[in-house]
Amino acid sequence: MLLLDMKQLLLPALLFSGWMALLTADLPVKGSFLPALGRFISPFHGIWQSVSPDNASYDLKGQTSGNVRILFDERDVPHIYADNLEDALFAQGYLHAANRLFSMDISTRAASGRLSEIIGQRTIALDRKARERGYEWSATEKAKHWEDHEGNKAIMDAYVNGVNAYIQSIDYKHWPMEYKILSHDPVQWTSVHSALTLTNMAIALCIGEDDLEYSTARAKLSAEDYAFLFPDHNPKESPIIPSEKTWDFTAQGSSSPVQSLPHSLPDDKTEDERKKDLNGSNNWAVAGSKTAHGFPILANDPHLGLTLPNIWYEMEIHTPEMSVHGVSLPGLPFIIIGFNENIAWGSTNSGQDVLDWYQINWQDSSRHQYKLDGKYVDATLRPEVIKVRGTNATIDTIRYTHWGPVTHTDEHKDMAMKWIGHQKANVNDIDYLKKINKAANVNDYREAVSAFQYPAQNKIFASTQGDIAISVAGVMPIRPTGNGETLTSGESSANDWAGYIPFAHAPYIINPARGYVSSANQAPADPSYPYPLLGKRIFEDYRGRMVNTVLDSSKGLTPLDMQALQQNNYNLHAAELLPVLLQALDSSGCNSGDGLAIASILNGWNYEYHRDSLSPVFFDLWYKEFEKLTWDELDNLGVMLPEEWRIVEIARDQPQSKYFDQLITTDKKETLQDIACTSFAYMVKAYRNLEGEQGKNWGNFKQTNIPHLARFPHFGADFISTSGGRHIINAMSKTHGPSWRMIVELSSPPKAWVNYPGGQSGNPANPHYRDMLEHYFEGKYYEVAIQKDPAAWKPARQINITPQ
Amino acid sequence: MKNKTPIAIIFCLVGSLLAGIYGPWWAPAVFIILLCALMGLTVKQSILTGSISLGVVYLGMALWMSNQDEAEIIQKTGMLLGGLSPVMMIVVTTLIGCITGLLSGWLGSVIGSIVSKK
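Protein chains in written order, with my numbering: chain S, 1212 to 2015; chain F, 75 to 192.
You may find that some hints are simply not true.
A partial selection of chain F residues facing chain S, derived with a Cβ cut-off under 8 angstroms [what the hints assert, rightly or not]:
1) PHE85
2) ALA136
3) CYS172
4) LEU177
5) VAL184
In short, the hints are calculated from the structure, not lab data.
Yeah, the Cβ is synthetic: ideal placement off N, Cα and C, and Gly gets one too.
Use the sequences and the hints to build the structure in full.
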């Protein structure tokens, strides 16, 4: 009887168990994973619940030592009013997690090489690169250092506790939807994660190294050609520190020449990929003598890869010691770029070379010992286990040398990476943020930026006391002459960095006679500066020259003028090259048909890259082909291309240059006229072949879009018609652009106008996910001022946290 | 009572709704097993009760949630999952609810009959 009953039970029990097992498992589908459908599709818990605009519980009673009030304005910008700094940072950590938890998680995973744990085999190569470069190792060192520093530990503990308070308050139903799609649990936040956020910033700022590309160029070009194509300075450059500044010191460190290693190296970057990175940022501060209201005005628009949600989170923090407004970086405490009651500050990237490659000479194929100063020394071996979702883990062994981790494997010719992020792991970098948020005058600002220990940035400043200043702050290595630009021998410690440029010697200026300070990633100083500065090919000078030209000739400036300047679309590069090309085209007599009409349009163009204009499309297509034909020799050799100002100079001054001669024709020596003509004909044809609406205007041609952070299709903004572009102050490209626009008038109290492309919430279902986008792309700003009295304004919503 | 199905469906609708709101995702299935076992429903009645109830609850809840944002998020998620339209997302959700309810009901009925025999 019992057996009969069991038989009766067997089929439904098996079917039920099998079905539930199916609903509980993540299913591999075409190299990806379908999340476990049981909870994912449940309308009570899964993706259906993600349509809810707000998923935070805000049950925080007893988690702070004092009272905290968080008032949100109509854009959902939180204003934190806390009894003490630690409580304010707890609230900041909570708000970061409530709005950007997935962004924080995925970006730190990318830096630590742990993407494959949640994504699978597709990201193994990325993880391997991150592990090889030792990013997590340096972040761990940094976090340990914070633990040992009483002031920093309290700050980081408060912030980390805030993040974890949110994580602990949510269950699956309230997870950010990206976690549900990836079927991955949020993990507890630690100070190592925050250090990885800083590491991520250091990686993003570390773009000023082309050692391998320069090595190849030196190996394949004659010394004469190399010097001609890659000069140290652009004669037209307008450096950050004006020439009125005198340098009353001599450079410290070794000056013994070191033989660099010209070496033909594999280069995995295409020219387009390089240029894509080179979008740039702007900042300037104008003294009261040049403004309409007599107050200094500071402007800053850092350009980054644009994503939804945006990299920044805007907020205002009030504690007994400070009241500050600006953008924060989820994962880190404090405001990164902003203003308080006395000062405003901002940043652009300096693009200095803070990463060098050293060739390692191994003793044998075991790669355990390498040659240094005449003897073989042990490398430190660190096993790295890369966990991969859905399959076995991958194990790598990373070799650490005197120089740093060895990353490139080419039989016995490996290269070790020396990077500022490794060398400067043990620093109090939280001090910079703490000090700049509280700074009240120019002396406080200088003290704060002296604590900035990252790849150099151009830190700009203005105060209500009327001072303006700019400092090239950060860590800049002093190298033996000839070192750093190319691959260097790792056999001698004499090739090592000879320290860092002392803070007092780093370029800076306070209240210059010209009445303004500015930077747009150009050279920090002219050749009279005692230290050699590298990173010359990273950013061109055009934006910096434009900013300085406009500010030189301006008086009675207003915040509205500053808004217009941030959105200036004049292309100085086009203005200098196009007349030369049109003249060459005209004198060649090769133009006819459609080409005549296009040339006529270009002749009447004002060099404005407006989204509705057609001329930028013609120039862009023409220039790309002209550049390709001109540098065909370099392309053939696998050598990187020179800076773009160089092609303008050669076209203008040397129309018979050998570089215009084409490799593919042996019976003829081409000149500028020939190349202008051929590339123009190509442009006419390419324009005719453009598909759909692409040829309608610049906005349609450029196809700006803002992808979702994790590249989930349809969760970003698919197409936005935008003005601006490369070499332009409004350097909006296809997926890069001004990630935050800020203008501060240093009246008492200061007034500011801000905007960024996105919204405050990281939840795609929240109305604040992208509510500022339209306003932003219409060129509009939101006026903000520090609201010191919480009773003086009416919030859209609020959270109150009370102690036990 | 001659035909327990209508009353069972009403109990099941209310119960699985509450189990869904307050319990984990599998709580409605457990509730249906228990209900069908305790009410002594036949296999046919249980299958009908379970599949209709959970299917309706899933359908209703999916419609309610998608109405919150005019199905925008569900449309985007569906695209991510191989191009499913919002209607297909609702159909798939309802189907999963129906099958889970069906199998839970069936299992509950068999357990109920075994227990009652003892």
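Which of the numbered hints above does this structure break? Hints 1 and 3 contradicted; others consistent.
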